[in-house]
Amino acid sequence: MADQLDEWMCLARDEEDHDAFAAVLNETHHLIRATTLRECADGDLAEEIAQETFVRAWSKRHQYRTGTSPRAWLLSIARSQLLDYHRRNNREHRHLRDLIRQELMRRTPDDKDEWTTARLDALEECLTGVAGDQRELLDLVHQQGLTTDAAADVLGIKAAACRKRLSRLQQTLRQCAEKRLQDKL
Amino acid sequence: MSPSSPSNSTDNPEQYLLDLATGFALGELNDAELKDLYEHLRNDDAEEAAKLTWKVLAHTLDMRMKLSPQFLDTIRHRIEHGDGVKDDAFSGGILGRIGKKRAQLDPIAAINDEVRRPLAPLLIIATGLIAVVTIIVLSMASVVQPVVRHVSGGKVNQEGAAVEVAQVIDHRQIALGDHAVLTLEWPNGDMASVQGPATILAREQGLTLFNGQAWFDVGPNFHIGLPDFGAQTLKPSRLAVDSQDHVSSLGVEVGTVSYKNTQTSEVSMVEAGQALWNASHVFKWQNQRLEGIRRDPLSLKLDPVAGQWSCSFTVSLVSSDAVLRCTAANKRNEEVAIHIEPGSISAHKGEKELWRFQLSGTPRGQRRVNIRSQSLSSCVISMSGLDKKIEWHIDTPIDRISMQGTVAVVNVRYGTGPSPIPDFAFVQGKNSD
Numbered sequence: 001m002a003d004q005l006d007e008w009m010c011l012a013r014d015e016e017d018h019d020a021f022a023a024v025l026n027e028t029h030h031l032i033r034a035t036t037l038r039e040c041a042d043g044d045l046a047e048e049i050a051q052e053t054f055v056r057a058w059s060k061r062h063q064y065r066t067g068t069s070p071r072a073w074l075l076s077i078a079r080s081q082l083l084d085y086h087r088r089n090n091r092e093h094r095h096l097r098d099l100i101r102q103e104l105m106r107r108t109p110d111d112k113d114e115w116t117t118a119r120l121d122a123l124e125e126c127l128t129g130v131a132g133d134q135r136e137l138l139d140l141v142h143q144q145g146l147t148t149d150a151a152a153d154v155l156g157i158k159a160a161a162c163r164k165r166l167s168r169l170q171q172t173l174r175q176c177a178e179k180r181l182q183d184k185l
Numbered sequence: 001m002s003p004s005s006p007s008n009s010t011d012n013p014e015q016y017l018l019d020l021a022t023g024f025a026l027g028e029l030n031d032a033e034l035k036d037l038y039e040h041l042r043n044d045d046a047e048e049a050a051k052l053t054w055k056v057l058a059h060t061l062d063m064r065m066k067l068s069p070q071f072l073d074t075i076r077h078r079i080e081h082g083d084g085v086k087d088d089a090f091s092g093g094i095l096g097r098i099g100k101k102r103a104q105l106d107p108i109a110a111i112n113d114e115v116r117r118p119l120a121p122l123l124i125i126a127t128g129l130i131a132v133v134t135i136i137v138l139s140m141a142s143v144v145q146p147v148v149r150h151v152s153g154g155k156v157n158q159e160g161a162a163v164e165v166a167q168v169i170d171h172r173q174i175a176l177g178d179h180a181v182l183t184l185e186w187p188n189g190d191m192a193s194v195q196g197p198a199t200i201l202a203r204e205q206g207l208t209l210f211n212g213q214a215w216f217d218v219g220p221n222f223h224i225g226l227p228d229f230g231a232q233t234l235k236p237s238r239l240a241v242d243s244q245d246h247v248s249s250l251g252v253e254v255g256t257v258s259y260k261n262t263q264t265s266e267v268s269m270v271e272a273g274q275a276l277w278n279a280s281h282v283f284k285w286q287n288q289r290l291e292g293i294r295r296d297p298l299s300l301k302l303d304p305v306a307g308q309w310s311c312s313f314t315v316s317l318v319s320s321d322a323v324l325r326c327t328a329a330n331k332r333n334e335e336v337a338i339h340i341e342p343g344s345i346s347a348h349k350g351e352k353e354l355w356r357f358q359l360s361g362t363p364r365g366q367r368r369v370n371i372r373s374q375s376l377s378s379c380v381i382s383m384s385g386l387d388k389k390i391e392w393h394i395d396t397p398i399d400r401i402s403m404q405g406t407v408a409v410v411n412v413r414y415g416t417g418p419s420p421i422p423d424f425a426f427v428q429g430k431n432s433d
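If you read the sequences in order, they're chains X and H.
Counting from 1, position 90 in the first sequence corresponds to residue 90 in my numbering; the numbering is continuous, with no gaps.
Counting from 1, position 341 in the second sequence corresponds to residue 341 in my numbering; the numbering is continuous, with no gaps.
Be a bit skeptical, because a hint or two may be false.
[Unchecked claim] In silico lysine to aspartate or glutamate, EDC-like type, Cα no more than 20 Å apart, as pairs:
| id | chain 1 | residue 1 | chain 2 | residue 2 |
| --- | --- | --- | --- | --- |
| 1 | H | K55 | X | E124 |
| 2 | H | K66 | X | D121 |
| 3 | H | K55 | X | D44 |
| 4 | H | K55 | H | D44 |
| 5 | H | K55 | X | E47 |
| 6 | H | K55 | X | D121 |
| 7 | X | K184 | X | E125 |
| 8 | H | K66 | X | E7 |
| 9 | H | K51 | X | D98 |
| 10 | H | K66 | X | D139 |
| 11 | X | K60 | X | D6 |
| 12 | H | K66 | X | E178 |
| 13 | H | K260 | X | D84 |
| 14 | H | K55 | X | D110 |
| 15 | H | K51 | X | E178 |
| 16 | H | K55 | X | E125 |
| 17 | X | K184 | X | E124 |
| 18 | H | K55 | X | E178 |
| 19 | X | K60 | X | E7 |
| 20 | H | K66 | X | E27 |
| 21 | H | K155 | X | D110 |
| 22 | H | K66 | X | E47 |
| 23 | H | K35 | X | D98 |
| 24 | H | K66 | X | E125 |
| 25 | H | K389 | X | D98 |
| 26 | X | K60 | X | E15 |
| 27 | H | K55 | X | D84 |
| 28 | H | K51 | X | D110 |
| 29 | X | K184 | X | D121 |
| 30 | H | K55 | H | E14 |
| 31 | H | K389 | H | E47 |
| 32 | H | K66 | X | E136 |
| 33 | H | K389 | H | D178 |
| 34 | H | K66 | X | D6 |
| 35 | H | K35 | H | E48 |
| 36 | X | K60 | X | E48 |
| 37 | H | K66 | X | D133 |
| 38 | H | K66 | X | E124 |
| 39 | X | K158 | H | E28 |
These are calculated hints, taken from the structure and not from any lab test.
These figures come from a predicted structure and were not determined experimentally.
One chain only, chain X, in its complex shape (with noise of 0.2 Å):
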């Protein structure tokens, strides 16, 4: 696959090949997510990071070097818009929220097997079980982009029960996909 994907990048380079780039991306966006949320801690800003990189990469596509793993190459991208964002964001717009991302960039999970894709497929079929307001719930959020008070009123309940009930939720999915991949292995 690596090479394949260097294949594809050198074609987006050099033959403005736009499949060949939607393929990397549609092969590499999860790696980019996730590795850079593990560099910041922060879900929202994660995903901000990742779709600058990929609009980035295309911009620069003719700075990628044959041989080298678009991956990497992707990675440095994203690593360097962090570290943009590290110097941007100065003291006068530090808040609680970058303080508690300190504190957990200070315990980052050692277990490099949390981001693989193989949980992925077990939370995928996890989901399958998931029916009714449950299911809507998780639409709702996380397909829909609502906030747990916006999804409250489209449900018709508490906020608080709101919130509550997704995390429950999550939580049950959480373990369902781990007990998938712990029986898998």
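Since the structure of chain X is already known, use the hints to place chain H on it.
What follows is chain H alone, placed relative to chain X:
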């Protein structure tokens, strides 16, 4: 707390932490909830709280990856609107695949050949120069990665993998656990020692310190990146850097360092013997040790402009009625006092007791106390037997700290700026292999 607050913190603490982590991952916590989560991450259960929060963060990302097309849609949207993309080709391709077309630009008249021709030689020269510079930069970049010379005292990881001696460090972030020490050496002999807890990123002729303490023994043109400013050595230098909560200080033992002042936007210098705080205040870098036993009242005059100072000492609490009173006062003589007694530490304002914490371990004995400024009008106290750090506030900048009581105080150290370069820095270095 808002009406949408998660579980009550006292009903079920584990569930409350899970709800907080979920809210944090979704970016929905209000200030009170953020503060609660922050407290969890600094208390006894910090390790477990961090582990759970990381799991919830990762799981929330998984949920988005599986359920939401928003990530890829947003990239397409940004390309559609030309946000950050200088080249239209990919935009056109993506737009074509999703069934949209970018508006075409109007054709413009061709430039007159007589006007364009004189630019051709310049363009050829410029292209040649860019190629030469690129080759030089690339050839330099390939041989300037630092090597690990020493690791000790705790966990040092790069993306979960342990960092080992003789390893060549790439551009990925490195996390150091409590008390861990890492020494790096660049091919030109530049050296840096970092002490955890810390997070760093090594670069060609440079190092970024996101948080923690680091010491440098480097030549000119070494770059140090910090959350609140960047610095560069102008000549061979030995210096210390400390960055906590996005506020950094830098002390120069030997050499000269330049930085950009955040208030005036001017490039300024820090010379040997000086320290810099938050890229705004330069002051004398002091490190005093008061040897011997101090039974007499001790008064330390602080420099409020210094911004960062620290005072540490060991107090011997031998008799049951022993007490050490540490008083912080501002220029208006408003005082707050800390009483350290066998088994407890308490804060007092006048006659009123503000708070009291019990100390673990044998009540009578020696306790090491560290008081470190956090801002101009607050400081943080940590001491042996106390399982948390205490924030100590006074309304205006602290002008002086005094200590008196029926106890002996030994090993007093008072300093401004970062801690001085310790003996263990730069061990195993200078191309020792």
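Name the hints, by number, that the structure is in violation of. 8, 27 and 34
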